[in-house]
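Novice: Given chain A, put chains B and C in place with the hints provided.
Sequence order for the protein chains is A, B and C.
Position 132 of the first sequence, counted from 1, bears residue number 132 in my numbering, the numbering being contiguous throughout.
Position 46 of the second sequence, counted from 1, bears residue number 46 in my numbering, the numbering being contiguous throughout.
Position 175 of the third sequence, counted from 1, bears residue number 175 in my numbering, the numbering being contiguous throughout.
FYI, nobody ran anything at the bench for these hints, they're computed from the structure.
You may find that some hints are simply not true.
Straight-line alpha carbon distances no greater than 35 angstroms define the calculated DSBU-like cross-link-like pairs of lysine-lysine that follow [what the hints assert, rightly or not]: (1) B:119 to B:179; (2) B:107 to B:382; (3) B:269 to B:179; (4) B:465 to B:145; (5) B:107 to B:455; (6) B:179 to B:287; (7) B:107 to B:287; (8) B:382 to C:121; (9) B:287 to B:191; (10) B:191 to B:465; (11) B:455 to B:346; (12) B:269 to B:418; (13) C:207 to A:312; (14) B:406 to C:60; (15) B:214 to C:60; (16) A:312 to C:121; (17) C:207 to B:217; (18) B:123 to C:121; (19) B:212 to C:60; (20) B:406 to B:455; (21) A:117 to A:217; (22) B:107 to C:60.
One-sided and incomplete, this derived list gives chain B residues near chain C with beta-carbon spacing under 10 angstroms [stated by the list, open to error]: (23) 97; (24) 125; (25) 148; (26) 301; (27) 309; (28) 321; (29) 400.
The structure presented is a predicted model; accordingly, all values stated were derived computationally and were not measured.
Even glycine gets a Cβ: it sits at the ideal position worked out from N, Cα and C.
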Amino acid sequence: MATKFLSPGRRGTSRGVSGRDREERRLAFRMTAPSLVLMALVAAVPIGYALWLSLNQYSVRTAGLSRFVGLDNYVAALTGTHWWAAFGQTFLFAGLSVSLELVLGTAMALLLNLAFKGRALLRTVVLLPYAVVTVVSAITWETMFQPNLGLVTNVLSTLGLPGGDVVWLGEHGYAMAVIVLADVWKTTPFAALIILAGLQVISAETYEAAELDGASKWQAFLYVTLPLLRPAIVLAAIFRTMDALRVFDLPFVLTRGANGTESMSMLAYTELRENRLVGEGSALSILTFLTVMVVSVVYIRFAGGNIREVAKEEQ
Amino acid sequence: MTLEKEANQAKEPLVDLIRPSSPSQEDTTAASVLSARKSATGSASRRRTRITAAAAAAMAAGLLLTACGGGAATQGTEAPAADPASAANATGSLNVCGGKDASGIYKGTVEAFTKANGKVTAKYTEIGATTDEARTQAVQRLEGKSSECDIFVTDVIWTSEFASQGWILDQTELVEASKDRFIPSTVETAKYEDKYWASPFFTNAGLVYYQKDKVAKPETWQQLYAEAAGAEGDSFVYQGKQYEGLTVNFLEMLYSAGGEVLDENGEVKIDSPETREVLDFMVQGLKDGAADRAVLTYNEDPARLAYESGNFGYQRNWPHVYRLLNATPLAGTFGVAPLPAWEGGKASGVLGGWNLAISAHSANQAGAVAFIDFATTPDWQKHVAMDFSQAPVNEAAYADPEVLAKMPFATELLASVKGAKPRPISPVYPQISQAIYKNVYAVLSGTATTENAVKTMAEELTAAKASF
Amino acid sequence: MSTLTPQRTAAEPAAPGARTPRRRPRGRAELHPVVWVFVIAVMGFSLIPFYWLVNTSLKKGVSLSQGELFPSQPTFENYAAVFQNAEFLLALRNSVIIAVVTTTVALVLASFAAYALARLKMRRKALILTLVLSVTTFPAIAIAAPLFSIWREIGLYDTLLGLIIPKLTFALPLAIYTLTSFFKEIPRELEESAYMDGATPFTAFRKVILPLAVPGLATTAILVFISVWNEFLLAVTLTTSPEARPVPVAIAFFSGTSEFDQPLGTISAASVIITIPLVVLVLLCQKRIVSGMTAGAVKG
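Excised from the complex, chain A in its bound form (with noise of 0.2 angstroms):
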């Protein structure tokens, strides 16, 4: 990028070398340490403290009883059944409502990039899922399946459609369709809204040429829009993604985890909160914690990005 040739450039033009490189890195560090200190004191200390827990088991019968047991809590994790079940459940959920956002979320925010004539009403109607509490959207989902009074059970037996007499909420993978859509409804608004960020910072002069050279529409977005809006894409892959990982809410309200939609944020809460296993519950967080971690390290690494190029710049 340009960047690479103009920095030197700079640097040259002030002061020493080295003196304009300390004062530079001394502004970087101080504009950065509020908010680094603020977040080391407040969600490392937890962080931590859950890691200590995660270590040793506190007994639920006998008040102040506890044991060091280093590994054990993860170990026990790692060889059941329900953490493996919680995990692939929740990357199936993750994976099919992320990917189901990027889209919509693409489609959205090229729809709100158009200039027409109740644009206005477009952008504040696609935005009012977002707003509606998590707790509510998900009772309004459950209500809209309830059946016999459920609006999507009503319409579809009413036009003799299938599904309109399905239990959704009591049937496996029915129950993750509810999940995934309540998901895609309430959060592809958060996806259109930072890819159409995006959208704008391409310069309608770069359309322009593509036209001239006598690319279609089609061909325009596949090849010009698409690979300029991959850094805005994939910001909101990570952000969707780590959310979606932790999905907690929908799964605990519609089904309480029943017909295969329990997550891996459920399982830890209900030994921590439900059970309060604290120690194996702490290492239940932990391990969702490191898998999330590694999922967007992962993205990060290999989607790219402009985040990507940020963190490869090691000066």
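Specialist: Chains B and C in isolation, oriented as in the chain A frame:
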């Protein structure tokens, strides 16, 4: 016991380490904030950076120790007890904590108490919007030795857990002194290891609502299911979602069929012909349409809403539904019955309801005792029914004409309450209940056979019982 | 946000109305019919569940169990009940304070950090990015309980500040990533000319980058605001009184007649009501998001 003592000894040095560090903590916080501010405004010299980092680390360490300190508590082997005589001299303020005050009973009771007592001022704090959340919030406060709450309104299934952790006062003397006030089954929910840890406040038991114009009054479960399968629009709705309510619905049948989960010695008894019989019966009911398959997604409210649509014959639910049903076009067309018996067995049920437990960290134990005494008086128990439509724990209240006027099904309710049994009593009750409802759900939804589910249930119950 | 506006107009003097001609050659209101189908489909998908929510909010008592597609006897009683609920109004105030303060502070802190990451020389950027991300990848339930004990210890429990601090912390990674990505897209040439005029990097950040990044800042503001507004778990864990409770928690505390029933009607009404501030926010930020073209225009 010996294990516990060892653990306490092992813990001692850790606790000693924690305590002295706590008082200095605020200073550390202030210092780190100060130096952080300096470094942000002044020139960031290396040294200052290091100071900030060091202060931040110190603060983090302080916080970490504080956090750990909350969890790693030592506990005496003998739990402190509440003194019945202390109530007479009670003064000061009292904070009663519990879940959402939906019926208004909690606020109503603290206000009436404050007025009647004159010396103690009580208030009610809602700490969780759902039962799950209320428990989480209570546990957080108790683990943190918070003195914010003097009394916790506890679900009957929390008793063993709270008692075993030493979070609540032993109320044996209190309960013994006023035992004649309570219906015996309700006191059983406050019992753990031969002591009483709470006083029953109001109780709850399942009832069957039925459409008098369409179906007959249920006498046995078999008859109910046969009637329900008879015609479309006669079927039965209950709570079959994968959650605590399914445990209750299943145990109601299991108990009446003569089955049990744990025996008096705490041995797992679930692997029995009765369990298989009940599970097969429930599955058959879903197959032949006696119960709508939609019950697999129902907890209390959706079940009620479904029944209100008029498309069902029977509904298993709690007493609160009576008032709600009467506000619908179904008013006057439905009857209320105690839970039916198993064919050849007797009627039984599972007790719900809420107890009053005194926090071990309460700063006003005398006030708490006075409040409990007030809340459980036969006179106030009448108000529990009349003003808030909850089931009293005092038997006489059910025969009171004023109560009967407001709660015409009081006789049926009393029958249900008296016949009901507590859910398994164990400090690991949540795990026990999960083992039950997850496996029952698997059978009902068709993902497991009865045989496999019973085996798994027994294994999981045994594992839960063996928890550290 | 408002402080940024004058700078933006300084850097980009064109009046809002004048921007249209510079936009892509595809004119206004010339959508292909197929695109219209998409627009309508997208609106339908967004609106149908929302319609169901509004529908429920207009029902009362037994009509809640009838599953009618149109309420036969629409009533505003639920809305009236919500507005008569003093605790809800208090919660609304709390939520507004929390969301506004958190969003503002998050934008300031994150734009600093993002500028350093996107533009300045710095060691271990990859490590910093990873650490920042790790903050949001931890399951919230494992963080809530330790925070509860710490907050009680240092007196932040059940205060607005006690909610703002952790919400800010968990909003920062999203803000930092979005803004870093956005700053990265801004052409360097503009800063270069500022440097030529003797500007320091910080001045370049303030005078050049920030005004150009307004669309990115607006997008980030919306995302952060909404996530803070909707967050539930920390809110319920770290508050106990109506004086500190934000809206999502207050809604959860709406009472039916027993612990078993959810007052669907009032919950829905309240949910509809609380989307209004967000709609207003979106409408306000609209222009800023649209002004994304300014960045594009300058780049060209």
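Novice: Each of the hints needs a verdict: does it hold here or not?
Specialist: Checked hints:
Restraint check for residue 119 of chain B and residue 179 of chain B: satisfied, since their Cα atoms lie roughly 26 angstroms apart, inside the 35 angstroms limit. For the hint linking residue 107 of chain B to residue 382 of chain B, the alpha-carbon distance of about 16 angstroms falls within 35 angstroms, and the restraint holds. For a cut-off of 35 angstroms, the pair hint linking residue 269 of chain B to residue 179 of chain B stands: about 31 angstroms separates their Cα positions. At roughly 27 angstroms between alpha-carbon atoms, residue 465 of chain B and residue 145 of chain B fall within 35 angstroms of each other, so this suggested pair holds.
A threshold of 35 angstroms between alpha carbons decides the hint, and for residue 107 of chain B with residue 455 of chain B the separation of about 46 angstroms lies outside it, so the pair is violated. For the proposed pair residue 179 of chain B and residue 287 of chain B, the alpha carbon gap of about 46 angstroms is over 35 angstroms, so the pair is violated. A C-alpha spacing of about 45 angstroms is found between residue 107 of chain B and residue 287 of chain B, which places the hinted pair above 35 angstroms, so the restraint is violated. Among the hinted pairs, residue 382 of chain B with residue 121 of chain C is inconsistent with the structure: their alpha-carbon atoms are about 75 angstroms apart, more than 35 angstroms.
Proposed proximity of residue 287 of chain B and residue 191 of chain B is contradicted: the alpha carbons are some 40 angstroms apart, above 35 angstroms. Straight-line distance between C-alpha atoms of residue 191 of chain B and residue 465 of chain B comes to about 18 angstroms, which keeps the hinted pair within the 35 angstroms bound. Restraint check: the Cα-Cα separation between residue 455 of chain B and residue 346 of chain B comes to about 26 angstroms, which is no more than 35 angstroms; the hinted pair holds. A threshold of 35 angstroms between alpha carbons decides the hint, and for residue 269 of chain B with residue 418 of chain B the separation of about 23 angstroms falls inside it, so the pair holds.
A C-alpha spacing of about 27 angstroms is found between residue 207 of chain C and residue 312 of chain A, which places the hinted pair at or below 35 angstroms, so the restraint holds. Taking the CA atoms of residue 406 of chain B and residue 60 of chain C, the gap is about 23 angstroms. The hint holds against a cut of 35 angstroms. Proximity of residue 214 of chain B to residue 60 of chain C is assessed by CA-CA distance (about 27 angstroms); at most 35 angstroms being required, the pair is judged to hold. Distance hint between residue 312 of chain A and residue 121 of chain C is fulfilled; the C-alpha atoms sit about 12 angstroms from each other, no more than 35 angstroms.
Restraint check: the Cα-Cα separation between residue 207 of chain C and residue 217 of chain B comes to about 80 angstroms, which exceeds 35 angstroms; the hinted pair is violated. Pair hint residue 123 of chain B plus residue 121 of chain C does not hold up; C-alpha atoms about 58 angstroms apart against a cutoff of 35 angstroms. Between residue 212 of chain B and residue 60 of chain C the alpha-carbon distance is near 26 angstroms, which keeps this suggested pair within the 35 angstroms criterion. The suggested pairing of residue 406 of chain B with residue 455 of chain B is violated, with an alpha-carbon distance near 46 angstroms, which exceeds 35 angstroms.
A hinted pair counts as satisfied when its Cα atoms are at most 35 angstroms apart, and residue 117 of chain A with residue 217 of chain A qualifies at roughly 21 angstroms. As the CA atoms of residue 107 of chain B and residue 60 of chain C are separated by approximately 25 angstroms, the hinted pair is consistent with the 35 angstroms bound. Evaluation of the residue 97 of chain B hint against chain C yields a held restraint, the C-beta minimum of about 9 angstroms falling below 10 angstroms. Here the hint on residue 125 of chain B is kept, as its CB sits about 6 angstroms from the closest CB of chain C, short of 10 angstroms.
Taken as an interface hint, residue 148 of chain B checks out: its beta carbon lies about 7 angstroms from the nearest beta carbon of chain C, inside 10 angstroms. Interface hint status for residue 301 of chain B: upheld, as the beta-carbon distance to the closest one in chain C is roughly 5 angstroms, under 10 angstroms. Hint status for residue 309 of chain B relative to chain C: holds, with the closest Cβ pair at about 5 angstroms, below 10 angstroms. Using the Cβ-Cβ criterion of 10 angstroms, the hint placing residue 321 of chain B at the interface with chain C is satisfied: the shortest such distance is roughly 8 angstroms.
For residue 400 of chain B, the suggested interface contact is broken, since its CB lies about 21 angstroms from the closest CB of chain C, more than 10 angstroms.
Checked against the numbered hints above, the structure violates hints 5, 6, 7, 8, 9, 17, 18, 20, 29; every other hint is satisfied.
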